[in-house]
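Colleague: These are the residues of each chain, in order.
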Amino acid sequence: MKGRLRLWVGTALMCLSPSLLAQTILRTDTIQEIVITGTGTQHLLKNAPVQTEVISHKMLAQYGGRSLEDILAGLTASFAFNEDDMGSQMQLNGLGNNYILILIDGKRIHGDNGGQNDLGLIDPSRIERIEIVKGAASALYGSDAIAGVINIITRKYPKGWVVENESRGGSYADLRQHNTVGLTLGKVQSLTNFHYRHTNGWQNTGEEDPTQIGGRVITDSQNKTVNKNSLYQLSERLAWQPMKGMDVYADGMWYHKRIYRPNGKYAVADVHGYDLSYDDAAASAGWSWLTKKDYRLTADLMWNRHGYYYDYTSEKGWLVESDDPALPYIYYNGDRALQADQRRTMLQLKGVFPLAAQHRLSVGYDFRHDWLRAPLRIDSDRARDWTQAIYAQEEWNPLKMLNVTAGLRLDHNGQFGLHLTPKLSAMLSLGDFRIRASWAQGFKSPTPKEQHYRYVRDMGGVRLFLGNSDLKPQTSNYLSLNAEYRIAKVNISATGYYNKVDNMINLVTIPTNEAPGDLILRYDPAFVRQYKNLEDAYTTGVDVNVRWNAGKGVTVGGGYSYLKARGSVYDEKTEQLHRLTIDGTAHHKGNLFATWSYLLKGEKREERGNRIGLGLYGRASSTRYYENYGNGKAYHLWRMTGSYDFSRQKGKSTTSFRVEAGIDNIFNYVDRTPHGRHLGTTTPGTTVYAALTIRFHQGTKVKQQSNYSTLKQSKDETD
Amino acid sequence: MKQIKFLFVAFAAMMMSAGFTACSDDDEVQQGNFEKYLSSVESQVKAKKAKSGNKKALLLVAFGSTWENAHQTFKGIVADYEGDQAFKDYDVYFSFTSAICINKSREGEHYERQDFYAPNFWLEAIGRQKYEEVRVQSLHIIPGEEYLRLRDTYIKDFKNNVYGDLDPDYLEEGVKVFIGGPLMAEEEDVEATAKALDGYFSKYVENDNVMVFLGHGNPEGYNYGNGNVRYTQLEKQLQLINKNYFVATVDMEDNLIDNLWDDRMEGNVKEGAVVTLHALMCIAGDHAHNDMSGIENEGDSWREFFQEKGFTCNYDGNDANTANNCILKGLGDYPNIRTIWKKHTKNAIEMFAEEEE
Numbered sequence: 001m002k003g004r005l006r007l008w009v010g011t012a013l014m015c016l017s018p019s020l021l022a023q024t025i026l027r028t029d030t031i032q033e034i035v036i037t038g039t040g041t042q043h044l045l046k047n048a049p050v051q052t053e054v055i056s057h058k059m060l061a062q063y064g065g066r067s068l069e070d071i072l073a074g075l076t077a078s079f080a081f082n083e084d085d086m087g088s089q090m091q092l093n094g095l096g097n098n099y100i101l102i103l104i105d106g107k108r109i110h111g112d113n114g115g116q117n118d119l120g121l122i123d124p125s126r127i128e129r130i131e132i133v134k135g136a137a138s139a140l141y142g143s144d145a146i147a148g149v150i151n152i153i154t155r156k157y158p159k160g161w162v163v164e165n166e167s168r169g170g171s172y173a174d175l176r177q178h179n180t181v182g183l184t185l186g187k188v189q190s191l192t193n194f195h196y197r198h199t200n201g202w203q204n205t206g207e208e209d210p211t212q213i214g215g216r217v218i219t220d221s222q223n224k225t226v227n228k229n230s231l232y233q234l235s236e237r238l239a240w241q242p243m244k245g246m247d248v249y250a251d252g253m254w255y256h257k258r259i260y261r262p263n264g265k266y267a268v269a270d271v272h273g274y275d276l277s278y279d280d281a282a283a284s285a286g287w288s289w290l291t292k293k294d295y296r297l298t299a300d301l302m303w304n305r306h307g308y309y310y311d312y313t314s315e316k317g318w319l320v321e322s323d324d325p326a327l328p329y330i331y332y333n334g335d336r337a338l339q340a341d342q343r344r345t346m347l348q349l350k351g352v353f354p355l356a357a358q359h360r361l362s363v364g365y366d367f368r369h370d371w372l373r374a375p376l377r378i379d380s381d382r383a384r385d386w387t388q389a390i391y392a393q394e395e396w397n398p399l400k401m402l403n404v405t406a407g408l409r410l411d412h413n414g415q416f417g418l419h420l421t422p423k424l425s426a427m428l429s430l431g432d433f434r435i436r437a438s439w440a441q442g443f444k445s446p447t448p449k450e451q452h453y454r455y456v457r458d459m460g461g462v463r464l465f466l467g468n469s470d471l472k473p474q475t476s477n478y479l480s481l482n483a484e485y486r487i488a489k490v491n492i493s494a495t496g497y498y499n500k501v502d503n504m505i506n507l508v509t510i511p512t513n514e515a516p517g518d519l520i521l522r523y524d525p526a527f528v529r530q531y532k533n534l535e536d537a538y539t540t541g542v543d544v545n546v547r548w549n550a551g552k553g554v555t556v557g558g559g560y561s562y563l564k565a566r567g568s569v570y571d572e573k574t575e576q577l578h579r580l581t582i583d584g585t586a587h588h589k590g591n592l593f594a595t596w597s598y599l600l601k602g603e604k605r606e607e608r609g610n611r612i613g614l615g616l617y618g619r620a621s622s623t624r625y626y627e628n629y630g631n632g633k634a635y636h637l638w639r640m641t642g643s644y645d646f647s648r649q650k651g652k653s654t655t656s657f658r659v660e661a662g663i664d665n666i667f668n669y670v671d672r673t674p675h676g677r678h679l680g681t682t683t684p685g686t687t688v689y690a691a692l693t694i695r696f697h698q699g700t701k702v703k704q705q706s707n708y709s710t711l712k713q714s715k716d717e718t719d
Numbered sequence: 001m002k003q004i005k006f007l008f009v010a011f012a013a014m015m016m017s018a019g020f021t022a023c024s025d026d027d028e029v030q031q032g033n034f035e036k037y038l039s040s041v042e043s044q045v046k047a048k049k050a051k052s053g054n055k056k057a058l059l060l061v062a063f064g065s066t067w068e069n070a071h072q073t074f075k076g077i078v079a080d081y082e083g084d085q086a087f088k089d090y091d092v093y094f095s096f097t098s099a100i101c102i103n104k105s106r107e108g109e110h111y112e113r114q115d116f117y118a119p120n121f122w123l124e125a126i127g128r129q130k131y132e133e134v135r136v137q138s139l140h141i142i143p144g145e146e147y148l149r150l151r152d153t154y155i156k157d158f159k160n161n162v163y164g165d166l167d168p169d170y171l172e173e174g175v176k177v178f179i180g181g182p183l184m185a186e187e188e189d190v191e192a193t194a195k196a197l198d199g200y201f202s203k204y205v206e207n208d209n210v211m212v213f214l215g216h217g218n219p220e221g222y223n224y225g226n227g228n229v230r231y232t233q234l235e236k237q238l239q240l241i242n243k244n245y246f247v248a249t250v251d252m253e254d255n256l257i258d259n260l261w262d263d264r265m266e267g268n269v270k271e272g273a274v275v276t277l278h279a280l281m282c283i284a285g286d287h288a289h290n291d292m293s294g295i296e297n298e299g300d301s302w303r304e305f306f307q308e309k310g311f312t313c314n315y316d317g318n319d320a321n322t323a324n325n326c327i328l329k330g331l332g333d334y335p336n337i338r339t340i341w342k343k344h345t346k347n348a349i350e351m352f353a354e355e356e357e
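Residue numbers (our numbering), protein chains in the order written: chain A, 1 to 719; chain B, 1 to 357.
Among the hints, erroneous ones may be present.
[Said to hold, decoys possible] Within a straight-line C-alpha distance of at most 27 Å, the following computed DSS-like cross-link-like pairs (lysine-lysine) qualify:
1) 265(A) with 156(B)
2) 75(B) with 316(A)
3) 36(B) with 195(B)
[Stated by the list, open to error] Short derived list, chain A residues pointing at chain B, Cβ under 8 Å:
4) 267
5) 361
6) 365
Treat the hints as calculated values from the structure; they're not laboratory data.
Note that the Cβ used here is the ideal one computed from N, Cα and C, for glycine as well.
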């Protein structure tokens, strides 16, 4: 087998015949994009009954984002990030990662650190497109998606042999490797992926915020704005088609990430004593069947583990108290200590039944069990929680111009009992106009971490972070109204929304003496923060997106997002509600893009089908507001990218090449606010990157995992 | 069929390998680390004993701090003991109980790098060197939870050979263990403390100006030994001298800053008076910097509390500025207070002594 592979690769590389497949590298126009996230069934984007935003493969490829954070911040106006050691601090229209459900091919990612998902789990090279549905608008994915759902649709590979390598390098040792080997053996397909990413990180300032370090002035701190980090990910997927319309798969994933933290000379500010690392693993298996009656049935079973560790770097021994004073934990350089081991088991069953020409019914059952072991961080050593849910969704076209999608989801949580959340969306099509309205309720029970965690931060004074076993579930009401106008080359969409969250859970500073006595005695904290239900919070705003296909391969567009996000906390001193802006939110955000894609019409046959792409991107944010440690400064950043695609084909073998390069933050903007205070953006200034992708393919193209395929399936497609 | 088998065997292998990564040899690592850590304490004790030839050890125990002025206070206390003729036969050791303070001092937070160790490590090393007398002195203020933990856990663990490698005969017959109580161990110490404090601070309560001491206190549910009562007793004793002395705490139930104001100060002190603040702790550490003076984490300090109430209570972070009204010193800086601690050391109670028939 190896010999045959080498022969094919060699043959393909030597072959100089022209390509017909180059156009598959850059996909067709977004307007023809099919989306799935809002309803769990496929629709053309323009006819999706639940308002869905899409970052298409074409946009992704031309933008050349180094990470999911980079992509979402650069290509939408609704997202904000503030990357730090604890995660990317993502916000979607003002609500944090806790309220954002991130799916990979419809399955929620797992593992968090203080509510932050590790987005390093997502290999940017594997993303086919990204669908964003705002608000808890879908009954299908869990009502805890109070801010919205991001569904990462991964690339599907053609049948036969595929060998792919993407190597990327850039400023600050920004390195990325993506390797894929796909093969087909009869009815079985195997897909193996390896993903490596690294950055040395960067330091925008050596100055520390004196108010957090006892008034000291430090200007030569070693703390970085973004720390050096490396990640490795290996995944394997096996799929089998036992009969027409039926797919069975099993997959597994292993992941390791380490965040290197500096040890400078100021213990009060830049001596950390340990690095942070994540060890994740996942395994899943599933089955899907499209019956002759066009019923689609799916079953998925998933298991995930997210391990969070300290990797000690202290040469003299680092002492951590245990419950027994005689037996503290002692760690030296090279030792590691488990901080949290989160495990989740999920079962999802779903059926989609086209009942009549105007009706389509989706029903399903979800079960999720969460398990947390954190010997140093929760009182009882481990905690668990489970939720099950049944849901039903009806897509109904009473008139040709009207679609109504109604959903009901009944959640049953082990601690908080039953909760019913209704969802209702309607779309009116009037020629080139679409008007969409939706109302959706959300429900999110407190996580085991929010209930049971206790965490001590010993930098700049001891700070204690506490869970709260008296927390109530959070509920939300989301209302949105969207108007969209599409003619052949122009698409304008405006959405107004109001998202009210009751009992919102947030970390709130509490008087030290309200903390448990044993923790006060052991740690003597300078201040204590605890998860509390805020009285209420709301976000409201308008999102506008414009896109114009100007012809001759030129596309121009942009987005604007106005946001107002407020919460109320009961102030026990004044006995009044204290209104505050939700941390990290900005009133105005926007993005612009202009891309040019040119298909070469060379004189020689082998030059035909080759493509040049250029992109110019801008993004801006007004001041980001925070309760403590200053506001983040307003900024605008600009980026330019270029790409060249070409391929060679012989028989059924194709070798494609893609060369990319780009310059980010062209005007070298750097926020040098002292470390410890909030930044508008963590960009290090101007950076450059270059990447080369080589893909060899032998065989014909087929769909994989058809229930999430991007390929049109006439039986399950409304248009 | 082979393909199906292959698929599921591969799947099972992946699940199992994911499970195996969770296993570890933590206990073995911890055992090795303990020995390594202890060996650095032991080498210090060994060297000191070899040099002095003393057969008696004196271990001073504080919660710990990383602030520079706190380190100076600790150094002053140790020097005071070492220079005192009453302790010339003792090798003096000094200990922190807080792991965070130990780690941070080792990394040089606020001050030069220093190695501190917890009492269990010192006692184990002292036992291995077979000192014939071990005298442990609490540098705490009240007989509260910290003191009780020292007495009932650290010292008893030592006597009970918690690590199992001290000579049982030595523990049984070869060593006498004494414990010296905290500053206000007994009610009679309260009066001595009040007199000593007034000796230093009487000028701050002249002309109806006010002086408030910030104590720590044990939180609700942790006032086992009723140690908190000493704060109330001290305020009473101080007010017998001058009614403008007050004592409140950061953690004692019903004796927080709000309680002090509502129950005892409001209407009883001169409006617009100068309020001088001083920590009622061995050293001026986190609480003096945060809760008292608000130099860190501004917005919630006692200084700002009194300013809001219309009093003069200033602090600019410069301890040399005489216009400041927060005194960033610990009680351990004052010789007449140290005398009380040393008296307890001299009169320390022998633990585990056989009762006389």
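Colleague: Does each hint hold? Answer for all of them.
Modeller: Quick rundown of the hints versus the structure:
1. 265(A) with 156(B): Between residue 265(A) and residue 156(B) the Cα gap is close to 38 Å, so the pair fails against 27 Å, i.e. violated.
2. 75(B) with 316(A): 22 Å, holds
3. 36(B) with 195(B): 47 Å, violated
4. 267: 3 Å, holds
5. 361: 32 Å, violated
6. 365: 23 Å, violated
The structure fails hints 1, 3, 5, 6 (numbered hints given earlier, in ascending order).
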